[in-house]
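J.: Between the sequences and the hints, there should be enough to build the whole structure, so can you do that?
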Amino acid sequence: MTTATPVSTEDDQPIVSTSDDPKVVDSKPKKKRQFEGTDRKVFLAFVIIPSVIHICIVWIPTILSILLSFTKWNGIRFTGDRGIEIVGVQNYDQTLLGAFQGDTIQAVLNNFWLLIFLFFGPTLLGMLLAYLLDKNLRGTRIYQSLFYTPVVLSLAVVGFIWQNIMYDQKHGIATALFGGGGTVDWLGNQEFIFSIGSYGLSKNFLAILVAMAWRHTGYIMVLYLAGMKSVDAALRESSSLDGCNEWQTFRHVLFPTLKPINVIVVVITVIEALRAYDIIAVLNEPRNTELLSHLTTNALVGEGADNIGRGSAYATMLFLLCIGFVLWYVTNHYRKQENTV
Amino acid sequence: MTAEFQQSPSPSEVGFALGRRDVLKGAAALGGIAAFSGVLAACGGGDDAGSASGTIRVGSNYSNELPNAGLRAALDSLPNDDLTIELNEVDHNTYQEQIVAYLQDPPDDVAPWFAGFRLQALASQDLLLDISDVWTDGLDDVLSGGFKQASTYEGKQYFVPWTYYSWQVHYRKSVWDAIGAVPPATFDELLALCETLDGMGVTPFAAGNDGRWPLMGTFDQLNFRLNGYQYHVDLMAGKESWTDQRTKDVFAKWAELLPYHQAEPNGRTWEDAAAAFVGGEVAMYVIGGFVGSQFPPDELDDLDFFPYPELNPEHGQDTVEAPIDGWTVVANPKNEAGAKAVVGHLGTAIAQEAYLAEDPSVQAPNKNVDTSNYNALQQKSVAAVQNAKNVTQFLDRDTLPAFANEAGQAIADFVSNPDNIDAILEDLQGKAEALL
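If you're matching them up, the sequences are chains R and H in order. In terms of the working numbering, the first sequence opens at residue 1 and continues consecutively. In terms of the working numbering, the second sequence opens at residue 1 and continues consecutively.
Treat the hints with caution; some may be incorrect.
What the hints assert, rightly or not - Restricting the straight-line Cα-Cα distance to at most 16 Å, the calculated cross-link-like pairs of lysine to aspartate or glutamate (EDC-like) are: (1) H:Lys173 / H:Asp304; (2) R:Lys170 / H:Glu271; (3) R:Lys135 / R:Asp278; (4) R:Lys170 / H:Asp272.
In short, the hints are calculated from the structure, not lab data.
T.: Okay, structure coming up:
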């Protein structure tokens, strides 16, 4: 997309006049031609500089990562002994079919659980909270602030808070409430709640999901609340005059008008599910809670990170998942817009 | 790839740090002689320090209170006033995690690290400076061959041994006296003891596996007691198989003991497990001597240990796990002469005594360190290492770091679901073949 823009300025060129009086920079029509010459340079600069920066720090590293995923390398020297060695699809063979297959499947599954959970947990709850708070209850501002407060914390901080206050094995609040007087290993218990073959959803991952929901719910709530506030009150009035009950009003009147919010929420949730990393990393990556992002970084950074190739292979998989979603979203969203316009 | 690495030192060939005589000499409070020779050694090693000057940056992962105080005391004892030392303190676990990135563009000249395979992994990547001349200039005289071997990669030395400790079965004397328990010598005695303790409502073994390294210690003990030192070495190098019946036997023995461990160890830190042990709720703890740093100083003399019981008469108790910590110089130090002077100094008896005065949970490798100041437990640890036929480092120091991570995950999976051990080991063997 960025490359398309300079082309369009070239197309604009015939419109731009070419006077060369250097003194005049104000907007008198007579002197406009020179101003537009400068304007064109500025405009080109504004397009080219960010494009170059973007290509250098995003696309070139991305392409290099994809290339590195076909090599074996410890990341220290380019050539010679232990330099970059091209190994073809060996990294993909190992991660998808070979020794690391189990890790990969569990990680992809965890990313999937996270996505599903965020859709059906915090999203629905956030929508419900927004709906209730939209009714102008007494103290609604206080509730709003309370639910929204966790959103200002980074997920890493949320991890520390839940680790020490809620999930402490002995003294945690969750332990006191549900532990039956004993201890509960919330974050270490890697048993599956339900399993598909030798993979599944582990108890400690669910515990982490709940902690993430604590933050994510408030975020979703605010988005829907803002959307609901902007819905024309006449719509609700007319639906109640037509004899709609509360559910029908929500389902057929309010919800359709919230469509722009729904789109934002879908995008945010998918991004959140794919980029999640910090909360699990600060909890020492308990077993069976690894996401694709952890497999990537574990192979790329750290003492045991001796194979840039394998890490890049994981990163490429994550990249393909992201780009797949982005392409699907962009094509669908814009096609629909074109259709409706 | 692994063939070029040497394995854990086998000090049986050359003898470990301290002669038995020296221990006895220390115990007999004839420490004056040892202290005197310590001064001489310090002067010998100090020749370099005399000529070096400028600023030296020393990286430190000694982030806990006592070790930090000890390191500062040791650096303060440097006899060269022309050298200014700046300490760059990094959190212990973070330092280990980031070591490769850190050494590629090191802000410091001198950096702490671990002996053995884990040192060789860094040396083989040219991340460390060859400091063989520091050894010929003085360390050779004060450190035994076992320590030299642990500091060597391809015939060159990259490491100055600084402290070591041993992994043992620790217990509190007062707790054991109260319940009338005695240290078991065989596995059957150990099982019987566990049953008795369990019947009394005391948890036999402490277990905290957060970070996935602490229980590697228990695996190592069971493995070399059952299959011997050579099997440990070969298994770590990928020459023996994790799906071998002998490896499965180790986990079978462990499965018998597992019900006698603190439940659900994977989410508990080793410090939390130590707190239960210090508090007397748990009777035993298989851990390194550093557990002493978790004791209130006035209760430290209540701490004791016994070697892990015999499992196989062929191997008896001939192996002890004694990881060595120490110092390296980064590949391109800003001040090479100064850095060598500092690591040379850290190898001297003066520096190591200064450290031990603050942190008495470990022991010093230097022959001339005055052992009369050692507490009973340090003396015992020294003797255990000295009398061992073989010394290992630790699972995560005796193999490639990438593989150690995988082994740690397998052990966490095992304690969570012991019945699934066959599938876990098959998976781990696949990773061993891919990585080693």
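J.: Please list, smallest to largest, the hint numbers that this structure does not respect.
T.: 3
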